[in-house]
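Respectively, the protein sequence lines represent chains A and B.
Residue numbering for the first sequence follows UniProt numbering, starting at 1 and increasing by one per position.
Residue numbering for the second sequence follows UniProt numbering, starting at 1 and increasing by one per position.
Simulated from the structure, these hints should not be mistaken for laboratory data.
A few of these clues could be false.
Straight-line alpha carbon distances no greater than 20 Å define the calculated SDA-like cross-link-like pairs of lysine to any residue that follow [as the list claims (entries may be wrong)]:
(1) B:141 x A:237
(2) B:141 x A:263
(3) B:141 x A:257
(4) B:162 x A:300
(5) A:141 x A:95
(6) B:141 x A:104
(7) A:162 x B:237
(8) A:141 x B:137
(9) A:141 x B:218
(10) B:141 x A:23
(11) A:141 x B:141
(12) B:141 x A:216
Sample of chain A residues with no beta-carbon within 12 Å of chain B, all distances over it, derived [claimed, not checked]:
(13) 12
(14) 14
(15) 22
(16) 75
(17) 87
(18) 115
(19) 144
(20) 147
(21) 160
(22) 163
(23) 180
(24) 210
(25) 279
(26) 284
Short derived list, chain B residues pointing at chain A, Cβ under 10 Å [unchecked claim]:
(27) 72
(28) 81
(29) 85
(30) 140
(31) 141
(32) 175
(33) 176
(34) 178
(35) 184
(36) 189
(37) 241
(38) 263
Glycine included, each C-beta is placed from N, C-alpha and C at the ideal position.
2 protein chains.
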Amino acid sequence: MSDASSDVLVETAVDVPSGLPARIPTPQPGDPRLARLSLNQRTTANWSLREAIDGTVAAGLGSIGLWREPVAEVGLATAVEWVRASGVRVSSLCRGGFFTAADPTARRAAHDDNVRAIEEAAALGARTLVLVPGGLPEGSKDLAGARARAAEAIAALAPVAKRHGVVLGIEPMNPIFAADRGVVSTLGQALDIAEQFPADEVGVVVDTFHLWWEPAVEEQIMRASDRIVSYQVCDWITPLPADTLLSRGMMGDGHIDFPGFTSAVTAAGYTGDVEVEIFNADVWAAPGAAVLATLARRYLELVEPWLGAAGLDTVRPRA
Amino acid sequence: MSDASSDVLVETAVDVPSGLPARIPTPQPGDPRLARLSLNQRTTANWSLREAIDGTVAAGLGSIGLWREPVAEVGLATAVEWVRASGVRVSSLCRGGFFTAADPTARRAAHDDNVRAIEEAAALGARTLVLVPGGLPEGSKDLAGARARAAEAIAALAPVAKRHGVVLGIEPMNPIFAADRGVVSTLGQALDIAEQFPADEVGVVVDTFHLWWEPAVEEQIMRASDRIVSYQVCDWITPLPADTLLSRGMMGDGHIDFPGFTSAVTAAGYTGDVEVEIFNADVWAAPGAAVLATLARRYLELVEPWLGAAGLDTVRPRA
């Protein structure tokens, strides 16, 4: 009887936001295949920090990617306590960066804010602080200048990060965001900056949505090797939703070859967590538990089998 | 009195679609600075071929970039006759390509259609046929395969183009279109394909909207040198309109550094026409004559001064 009801559960499960029937059973808490799966908080944007931690635990995921704003809402000390009590690891803290301003006062403010972000990441036990470089300053058309300033800002932050045991993760962003969000547009470009520093100070964030189109991306992933400090997954869907900021899709709903991309990341030696980060109004409108069940199924179907057996050491909680 | 009324005209001119006052006087027909300016037909999408040719002549532009669909509407012979009678050159024909299909029948059909496009370009006196490679076939996630098939299709077309005196122009497209329109995403990638062929058979289309974000794009433009067969300009605007296909803006309304980009194209030796190609619902809603007046002003302000003195030879009508 219990077997039968379990079958029924599988058959009636529905993926969100597609509304399609689930193709595989939902993995249960304790399933070792979930050890490296992380919920990036923005995927369940309507959940509070408390709900996100509880949802991550309930779904049996190994870790969570936190955002600074919801952490600030409850206060850093409380967030640290909740995370510690929950037993989930913090795969990364999002996000520092936004340091392309030309004005010295704004640059100083950005640096100071990034120092605070590093301190928060350290307190939360997140090894990686994700850096979104920022776009062109208002009215500026000097893309090369903005890119140079991003590199300078990282140089100023690297020693601070090192002191706190946090690695800075430069996130190259799809060129769709080059003007208003991220002037570092390719993994190759991110590595050109990161390689100016030791690998334990500055790394790169590999996000399928941002990089799936990059020519010879496999070679750049191999080049990244020990600098990949976060692997984030979500799909590129078409037609793009009206708000392109929310144009990310659930893995499997779009055009990205996750087995191929993940194989490259594995071949490069990555053994860390895999964050699912989806900005999408339809995903946000769905119940959080359904989102987690869907992303866990899609992860097991499209990502996890290509991660290889490595990584058991590195996914242990930090002391 | 005629001087005074001319002044009034200048002062009351309004740019479209911004609604801002014109910053410089509208150039008049006969102004030699307009010799290399071309109206790409899609910028005035609501105009028929007849209207577009008449509008180009009335504004004093040297050339027009035609699209196959409006040419087909009146018939090729009529289009050829109208173009010849108008005295404007055809800077390019848009567009061939869309040859990423995996199915042999579809590939054959795409090849045959591209042969017809080459014949049309030759008949119209267009030296360049713009090739938009096409996206991923329905359901496919094999981006590398689609890119390889695009290169194969170009190899099959190159001898046909040569025979007709037409150069194939590979148009690398902003990665925003990688899934559904153009799998060739950077100028570097387009050149990797083009360089497999003689420069008088296969070249590249340099479009500011598609390439402005590309890392080290100046170096790629220099590498392109004698392979640049079309220079197309329009701006990258934010926030992107809901329909990203229509997200191009009037030069000066967005984030692109036209003087810098144009200087690179000039330094690479380009002496051909400059096509203004803007897909934008607000531009389409404006009266065509106002669109041409605005684009001519913006061209004189942001592009033409950086073109250098070269090119007088190459912009003469073909015999």
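Tested hints:
1. Simply put, residue 141 (chain B) and residue 237 (chain A) have alpha-carbon atoms about 12 Å apart, close enough for the 20 Å limit, and the pair holds.
2. Restraint check: the Cα-Cα separation between residue 141 (chain B) and residue 263 (chain A) comes to about 15 Å, which is no more than 20 Å; the hinted pair holds.
3. Straight-line distance between C-alpha atoms of residue 141 (chain B) and residue 257 (chain A) comes to about 5 Å, which keeps the hinted pair within the 20 Å bound.
4. With a C-alpha separation of about 51 Å, the suggested pair residue 162 (chain B) and residue 300 (chain A) falls outside the 20 Å cut-off, and the hint is violated.
5. Of the pairs offered as hints, the one joining residue 141 (chain A) and residue 95 (chain A) is violated, with about 25 Å between alpha carbons and a cut-off of 20 Å exceeded.
6. Between residue 141 (chain B) and residue 104 (chain A), the direct Cα distance comes to roughly 45 Å. Violation of the 20 Å bound is thereby established for this hinted pair.
7. Between residue 162 (chain A) and residue 237 (chain B) the CA atoms are separated by roughly 38 Å; this puts the pair beyond 20 Å, and the hint is violated.
8. Between residue 141 (chain A) and residue 137 (chain B) the alpha-carbon distance is near 36 Å, which puts this suggested pair outside the 20 Å criterion.
9. For the suggested pair residue 141 (chain A) and residue 218 (chain B), the alpha carbons sit about 15 Å apart, so the restraint of at most 20 Å is met.
10. Proximity of residue 141 (chain B) to residue 23 (chain A) is assessed by CA-CA distance (about 19 Å); at most 20 Å being required, the pair is judged to hold.
11. Between the alpha carbons of residue 141 (chain A) and residue 141 (chain B) the distance comes to roughly 35 Å, so the proposed pair goes past 20 Å and is violated.
12. Under the criterion of a C-alpha separation no larger than 20 Å, the hint pairing residue 141 (chain B) with residue 216 (chain A) is consistent with the structure, at around 16 Å.
13. A cut-off of 12 Å between C-beta atoms confirms that residue 12 (chain A) is not in contact with chain B; the least separation is 26 Å.
14. Annotated as non-interface, residue 14 (chain A) keeps its C-beta farther than 12 Å from every C-beta of chain B; the closest such distance is 21 Å.
15. Every beta carbon of chain B lies more than 12 Å from that of residue 22 (chain A), the smallest distance being close to 20 Å; the non-interface claim holds.
16. With a closest Cβ-Cβ approach of about 33 Å to chain B, residue 75 (chain A) is found to remain outside the 12 Å limit, as its non-interface label requires.
17. The claim that residue 87 (chain A) is not at the interface with chain B holds, since no C-beta of that chain comes within 12 Å of its own (minimum 36 Å).
18. With a cut of 12 Å on Cβ distances, residue 115 (chain A) stays outside the contact zone with chain B, its closest approach being about 28 Å.
19. The Cβ of residue 144 (chain A) does not lie farther than 12 Å from every Cβ of chain B; its closest approach is about 8 Å, which violates its non-interface assignment.
20. With a least beta-carbon separation of about 8 Å from chain B, residue 147 (chain A) fails to lie farther than 12 Å from that chain, contradicting its non-interface assignment.
21. Annotated as non-interface, residue 160 (chain A) keeps its C-beta farther than 12 Å from every C-beta of chain B; the closest such distance is 27 Å.
22. No Cβ of chain B approaches the Cβ of residue 163 (chain A) within 12 Å, the least distance being about 31 Å, so the stated non-interface status holds.
23. The Cβ of residue 180 (chain A) does not lie farther than 12 Å from every Cβ of chain B; its closest approach is about 5 Å, which violates its non-interface assignment.
24. A beta-carbon of chain B comes within 12 Å of the beta-carbon of residue 210 (chain A); the shortest separation is about 9 Å.
25. Even its closest Cβ contact with chain B, about 14 Å, leaves residue 279 (chain A) beyond 12 Å, as expected for a residue assigned away from the interface.
26. Non-interface call for residue 284 (chain A) relative to chain B: holds, since the shortest CB-CB distance, roughly 18 Å, exceeds 12 Å.
27. About 26 Å separates the beta-carbon of residue 72 (chain B) from the nearest beta-carbon of chain A, more than 10 Å, and the hint is not met.
28. At its closest, the beta carbon of residue 81 (chain B) sits 39 Å from a beta carbon of chain A; the interface hint therefore is violated under the 10 Å criterion.
29. Given the 10 Å rule on beta carbons, the hint for residue 85 (chain B) is violated: about 41 Å separates it from the nearest Cβ of chain A.
30. Hint on residue 140 (chain B) holds. Least Cβ distance to chain A is approximately 8 Å, under the 10 Å limit.
31. For residue 141 (chain B), the interface hint holds, since its Cβ comes within 10 Å of a Cβ in chain A; the closest pair sits about 4 Å apart.
32. A cut of 10 Å between beta carbons decides the hint on residue 175 (chain B): the least distance to chain A is about 4 Å, and the hint holds.
33. A distance limit of 10 Å between C-beta atoms decides the matter here; for residue 176 (chain B) the minimum to chain A is near 5 Å, and the interface restraint holds.
34. Nearest Cβ of chain A to the Cβ of residue 178 (chain B): about 4 Å, under the 10 Å cut. The hint holds.
35. Interface hint status for residue 184 (chain B): upheld, as the beta-carbon distance to the closest one in chain A is roughly 9 Å, under 10 Å.
36. A distance limit of 10 Å between C-beta atoms decides the matter here; for residue 189 (chain B) the minimum to chain A is near 5 Å, and the interface restraint holds.
37. Evaluation of the residue 241 (chain B) hint against chain A yields a held restraint, the C-beta minimum of about 8 Å falling below 10 Å.
38. About 13 Å separates the beta-carbon of residue 263 (chain B) from the nearest beta-carbon of chain A, more than 10 Å, and the hint is not met.
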